[in-house]
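Construct the complete structure from the given sequences, taking the supplied hints into account.
In the order they appear, the protein sequences are chains A and B.
Counting along the first sequence from 1, when you hit position 41 you're at 41 in the working numbering, and nothing is skipped either side.
Counting along the second sequence from 1, when you hit position 273 you're at 273 in the working numbering, and nothing is skipped either side.
Mixed in with the good hints, there may be bad ones.
The calculated label-pair distances, taken between Cβ atoms and stated as ranges, are [said to hold, decoys possible]:
| hint | chain 1 | residue 1 | chain 2 | residue 2 | range |
| --- | --- | --- | --- | --- | --- |
| 1 | A | Phe67 | B | Gly47 | 15 to 23 Å |
| 2 | A | Leu156 | B | Ile118 | 42 to 50 Å |
| 3 | B | Ala123 | A | Pro40 | 16 to 24 Å |
| 4 | B | Met211 | A | Ile22 | 49 to 57 Å |
| 5 | A | Arg139 | B | His68 | 37 to 45 Å |
| 6 | B | Ile43 | A | Leu23 | 51 to 59 Å |
| 7 | A | Ala141 | B | Lys149 | 54 to 62 Å |
| 8 | A | Thr172 | B | Gly47 | 30 to 38 Å |
| 9 | A | Arg15 | B | Ile118 | 51 to 59 Å |
| 10 | B | Ser212 | A | Val168 | 52 to 60 Å |
Listing some non-contacts, in silico: residues in chain A with all C-beta distances to chain B over 10 Å [said to hold, decoys possible]:
| hint | residue |
| --- | --- |
| 11 | Pro19 |
| 12 | Leu75 |
| 13 | Phe96 |
| 14 | Leu105 |
| 15 | Val123 |
| 16 | Leu160 |
List of simulated lysine-lysine pairs, DSBU-like, C-alpha gap at most 30 Å [to be verified]:
| hint | chain 1 | residue 1 | chain 2 | residue 2 |
| --- | --- | --- | --- | --- |
| 17 | B | Lys209 | B | Lys263 |
| 18 | B | Lys263 | B | Lys190 |
| 19 | B | Lys263 | A | Lys125 |
| 20 | A | Lys125 | B | Lys30 |
Hints listed in this document are in silico derivations from the structure and should not be mistaken for laboratory results.
As the structure is a computational prediction, the values presented were derived from the model and not from experiment.
Quick reminder that beta carbons are idealized off the backbone N, C-alpha and C, glycines included.
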Amino acid sequence: MAITYTSGEQVEVYRFSIPATILIPLTAVFLQAWLPLRFPFFTIFDLPLLVTIGFATARRSPLAGLFTGSLIGILQDALTHQLIGLYGISKTVVGFGASSLGIKLDVENAGARFLLTIFFYVVHKVVYFMIARGLAGSRMAWSWPHEFLSCMANALLGVLVFMLLDRVKQRT
Amino acid sequence: MESVLGRYRNLIVLVGVLFAQVLGLAVQVKRTTDSEPTRLIRIWAVGSVTPLEKALVWVQTSTGNIWHNYFYLRGVRAENRSLKAQIERMSLEQVRMSQDADQARRLQALLAFKEQFISQTMAAQVIGSSGSEQSRSVYIDKGESDGIKSDMAVITADGIVGKVLLVYRSTALVLLINDHSSGVGAILDKTRLQGILRGTPAGEVVLEKVMSDETVPAGELVLTSGGDGVFPKGLLVGRVTKVAPGSEIFLNIRVRPAADLSKLEEVLVVTKIDERQAEPEKTGAARAVDILAERLPGVPAKPEAMPGTVAPGTVAPTTAASTTTDSGAKPKAAPPEAHAGSGAPVTRKTATPSLSSGTASGTSGATSTGNPMKVSPKPMKAAVPPKPKPAVEDSPN
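Structure, rendered in structure tokens:
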């Protein structure tokens, strides 16, 4: 449960194979688009966000994190009818932040991952909300109960997603 | 300098990537009404995701069809019987409604109304969604190659769903009516109050722009008004669930969509809407007085006249029909259900010929000369037995 502060030498850096790097984000975006048709409640989850955090914390490279987040976000944007860049910007920030934090913190245990997901879910939402309202002029409402529920649900799912990612990541 | 760049390299790249995306957003905001600079990105994204969605939906549908059509046939006989009974009931209903529709059409023709009707639709399968709560939209498996264009209305048997927003080669994005950026012209069924139907960020549907001094009962039906140029008039939208005073001078009316927007599987895209002026039947224009007379109660049956004679003051419908035929009209044959029908529709039908005949009686000369204005446009009604005068029914002419 404890989040321990570690030096750069102590943390382990992982990599993902090229197929995993391409297919996992694509699968996440696909499932995010397909599952809500069968299970409407699934819209409260943000699988691409969880994959972004998972990749970023495993690789521990801010540049890789921000580019991964940026690409996943833009792909997600392109499937909506909204302006391209809303998810792109917020996931870029999350990717960069998660990988930067991953260098300093040990995020290998479930508790740390749960808290990390909560933190970055809030960051993602706040950035998205600010850009959507401020730059795109979107009529977006903020509902505390809904966001809290969504945040907890994503954090729980995040733990599972990170466990799955653990199986495909490779030690450098 | 180099060491500074090296030290802050990550931060500089982050700022650069963010700046590029903000710039891209600004360009899109500026050009949102003119062209679509991000179309290529969207095509790539949709092209990479929708084939898999299509394949999965196909597998799911095929499996479902095999199971339901070949193995799980329990209760089909009972369902068949029930559907047959339903068809019979609906046939009777259709006879009654077709008369109302004919009458409405003639009245519209008198007033030179133009009516809109859906003349062509295309069935489409819902294969995916946007996957975002901020964008309530779905993808369908029909696109540009199937003749789909943007701004086409999308409906189900239950009610309206949304409109086509973006069209790709073999798919299209449908904006649902509960998205916060959608807007539909709507009218309340009974009170005839008009408003704009909008989605909320929470995914609810509200009717806006109805003044707060109006009374709107909960449960009232909401229909399309046709004012948005997308949906034809009169399609079912949903039902009013809650009415509350709004923040300004308008009411806050919540509407529950008739179509279940969270569980869409198949939809109909309205590919063609025709607009035409209502035409009366081929007999030509009818007089308003004749049409209104059809609404009046029937004249009580008179004592039976001798077969082969025509009662004074009446015109045999067969004569009228032959006159009508001469003027190029097709007499409408009464469907068998009309004879086997329940009391109400038959009574209305039987009332008509005697009245029509009575109306025509004063102008029988005109009728006999073939003036279509004086011809009863409903030969069908003369064929329905209950009350009419025997002279009319049994006329050998």
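Tested hints:
1. Hint check: A:Phe67 to B:Gly47, Cβ distance near 21 Å, so the stated range 15 to 23 Å holds.
2. Between A:Leu156 and B:Ile118 the beta carbons are some 46 Å apart, a value that agrees with the proposed interval 42 to 50 Å.
3. Distance hint check: the CB atoms of B:Ala123 and A:Pro40 are about 22 Å apart, consistent with the given range 16 to 24 Å.
4. Between B:Met211 and A:Ile22, the C-beta spacing of about 56 Å keeps the proposed range 49 to 57 Å intact.
5. Under the hint 37 to 45 Å, the C-beta atoms of A:Arg139 and B:His68, about 42 Å apart, fit the expected range.
6. The beta-carbon spacing between B:Ile43 and A:Leu23, approximately 20 Å, falls outside the hinted interval of 51 to 59 Å.
7. For the pair A:Ala141 and B:Lys149, the supplied restraint of 54 to 62 Å is violated, since their beta-carbon distance comes to about 32 Å.
8. At about 33 Å, the CB distance of A:Thr172 to B:Gly47 agrees with the hint of 30 to 38 Å.
9. The hinted window of 51 to 59 Å between A:Arg15 and B:Ile118 holds, with their beta carbons roughly 56 Å apart.
10. Distance hint check: the CB atoms of B:Ser212 and A:Val168 are about 59 Å apart, consistent with the given range 52 to 60 Å.
11. At roughly 15 Å from the closest C-beta of chain B, the C-beta of A:Pro19 stays outside 10 Å, upholding its exclusion from the interface.
12. The beta carbon of A:Leu75 sits about 5 Å from the closest Cβ of chain B, which is not more than 10 Å, so the claim that it is off the interface is violated.
13. At the 10 Å boundary, the C-beta of A:Phe96 falls inside the reach of chain B, the nearest C-beta of that chain being 5 Å off.
14. Here A:Leu105 stays apart from chain B, with its beta-carbon at least about 17 Å from theirs, past the 10 Å limit.
15. Chain B leaves A:Val123 outside its interface by the beta-carbon criterion, the shortest separation being 14 Å against a cut-off of 10 Å.
16. Listed as outside the interface, A:Leu160 is consistent with that label: its C-beta sits roughly 18 Å from the nearest C-beta of chain B, beyond the 10 Å cut-off.
17. Note on B:Lys209 and B:Lys263: the hinted pairing holds, with a Cα-Cα distance of about 29 Å set against a maximum of 30 Å.
18. Taking the CA atoms of B:Lys263 and B:Lys190, the gap is near 29 Å; set against the 30 Å cutoff, the hint holds.
19. Of the supplied pair hints, the one linking B:Lys263 and A:Lys125 holds, its CA atoms being roughly 26 Å apart against a limit of 30 Å.
20. Between A:Lys125 and B:Lys30 the CA atoms are separated by roughly 24 Å; this keeps the pair inside 30 Å, and the hint holds.
Taken one by one, the earlier hints fail for this structure at numbers 6, 7, 12, 13, listed in ascending order.
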